[in-house]
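Asks: Protein chains in written order, with this note's numbering: chain A, 1 to 365; chain B, 1 to 331.
Honestly, the hints are just simulated from the structure, not real lab data. Note that the Cβ used here is the ideal one computed from N, Cα and C, for glycine as well. Just so you know, not all the hints are guaranteed correct.
Unchecked claim - Covered stretches of chain A, going by a simulated chain B footprint (3 or more residues, C-beta under 8 Å):
1. 38-47
2. 109-118
3. 237-248
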Amino acid sequence: MRYLDGFRDPQAAAALAERAGALAARLERPVQLMEVCGSHTMAIARYALRGMLPANVRLISGPGCPVCVTDAGYVDAAIDLAERGVRIATFGDLLRVPGSRRSLADVRAEGAVVRVVYAPDQALEWARQEPEHPWVFLAVGFETTTAPLAALASGLVRSGPANMSLLTAFKRVPPALDALVADPALAIDGFLCPAHVSAILGADAYRPYAEVHGRPCVVAGFEPLDILLGVCGLLEQLVAGEARVDNQYERVVRPEGNLVAKRLIDACFEPVDAPWRGLGTLPASGYGLRAELAHLDAEKVHDRPVTAGRDHPACRCGDVLKGVLEPQGCKLFGRACLPDHPLGPCMVSSEGSCAAAWKYARVDP
Amino acid sequence: MSRILLEHGGGGRLARELIEAEILPRFAGLVGLPDAASLRADGRELRFAADSFVVQPLEFPGGNIGHLAVHGTVNDLAVAGGRPRWLSLAMIVEEGLPLATLRRVLDAVRDAAEDCGVAVVTGDTKVVPRGQCDGLYLSTAGVAEALSELILGANRVQEGDAVLVSGPLGDHGMAVLCAREGFDFGTAPRSDTGPVHRLVASIASLGSSIRFLRDPTRGGLAGVLDELARDVSLAFELEEAALPYAPATRSVAELLGLELLHVACEGRVMAVCAPDVADAVLARWRSLPEGAQAARVGVARPGPARLILRTALGGRRLIDPPRGELLPRIC
């Protein structure tokens, strides 16, 4: 933990906050920066970084929580399988994500077997111990999670167990950013790029957003000093009128990313169109199992294709994500859409833009 | 809601809602559902408490279900201002439980009871067919004599009062989680299961300056303070840099993305006291082995009811009340 404390030093943080203030003053206009990744969103909330930033700098939470953008139709399919007696292994934060009517936590209470994994290998162990039961692993996540689950899939091919299959809803970060920057209304001045996703993808993956779309990008780690440094880096580019990809997280992220992991992903998965809660279906924005691994595909094994769930027609998460709408401007906010029964991803994530706005708007800490 | 969710048992918001909707309206004798009841018999003030134990695994670094069964009830009695005296022990045993396991658990009950100065005076044993309980469930009830100097109650908490904890937070919850999931991170968190009656007795002479005591079990310190904040319509502000954590516990929580303020302790006491006696409480606690790492961690502020954390970086944020089930995040 001493290692981590170095990235949480109060004096260094105060100095960076001061530097951000000086840079923002030179910009003389409101600036909106998007933290793309859900772990940045959680860290910004946990260390209360918003309050340390200059008044004209606003952080907007991006579509960067793969669980929160998981479509209701996917959750419905998982629930269906669980109710047919298939045993489900899942990451913990998917348990409460709402399907069309219920969550996995609800069907677990009704007797379905839904177990939370801390590491994917545990699920293999369970499946081996209970060969008489079919098991399905809920394979969701960004590139960071796709890579280890590609390793899991190739292990399944090699040595089983044969009663385990994957229900995939992987998401790829770049196509989501492509969709955001393609909108001329986008009111985002710069991107704070993900830490661990970038360890796989590499910092070069963000070059189009800087070079084609003119949006400064900084890859930043998840510790508070990383994030403050990243914000300062973005403000420096804005002050200088430049747009490039800076890599603040060099201790983990290389320009080309992790080539071994990328090869492993490509060996098991291929890009597919994927539905994002709140954003609709985005082309090539997910990963599905390659045809030769169809015997691992839970949709085929159990003959239960995932059909896209319907977003609430009035949900404005897409506009909140693009920075063109405040959460309070959505008609559903605080009425039909609340932290306890969220509709859009910005409310599903406990620190998403809408959930945070709901929590903090009513009480100013 | 037509069925009970796991979260209804987790000491969070759903647990409170269940109690308020289904239990309190049915039993007039339950006022605010204290962890221990205050009773009078023959002119003597008594405290009476009951608790059940379903921990999995039965044995974990730092103790076993037998230690918990004694400490849980002893601590409920102690934080109600009692000197624990008598204990009952009821067991529901699953067919097939190794006798060696049962012996280790019963030895733990005996040793813990002796350490707490309580006598196990009655009990019950049931055996159920395999699959009908998870190895062994224990239930204890206890009776204590009141420490007459203490006048405790949520309604006595005032603006400006200090919040103190007797030691590192979250050790029990993280130790059990690691043991259950088979995590091996080199240095394993160790349960803090232990009695707090000596800690309570050591500050009894400070009398009415001690306003409120509670053991932060399920739901952790955030759960206890959230409930108190609602009861008294005050805010509590915690100082992140002052919160004591064991390094192994903190490391695992970082790795899994869990909030330690939501994680259970089983051998700590939280006190709310007048600010002018805070140093005296700390000095007395720190003179006991179980209070060596006691710390002053927060203060009561004017309402509305909420928990605020002053982060080590100097920011302020709200602490969510615990929901009831600890779920690791992938992002």
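Asks: Counting residues of the stretch 109-118 of chain A whose CB is closer than 8 Å to a CB in chain B, do you get three or more?
Replies: holds (count 4)
Asks: Three residues minimum, CB to CB under 8 Å: does the stretch 237-248 of chain A make the cut for coverage by chain B? Let me know.
Replies: Since three or more residues must qualify, the claim that chain B covers the stretch 237-248 of chain A is violated, with 0 doing so at under 8 Å.
Asks: Tell me whether the statement that chain B covers the stretch 38-47 of chain A is true, taking a Cβ distance below 8 Å and needing three residues at minimum.
Replies: Per the Cβ count (6), the hint holds.
Taken one by one, the earlier hints fail for this structure only at number 3.
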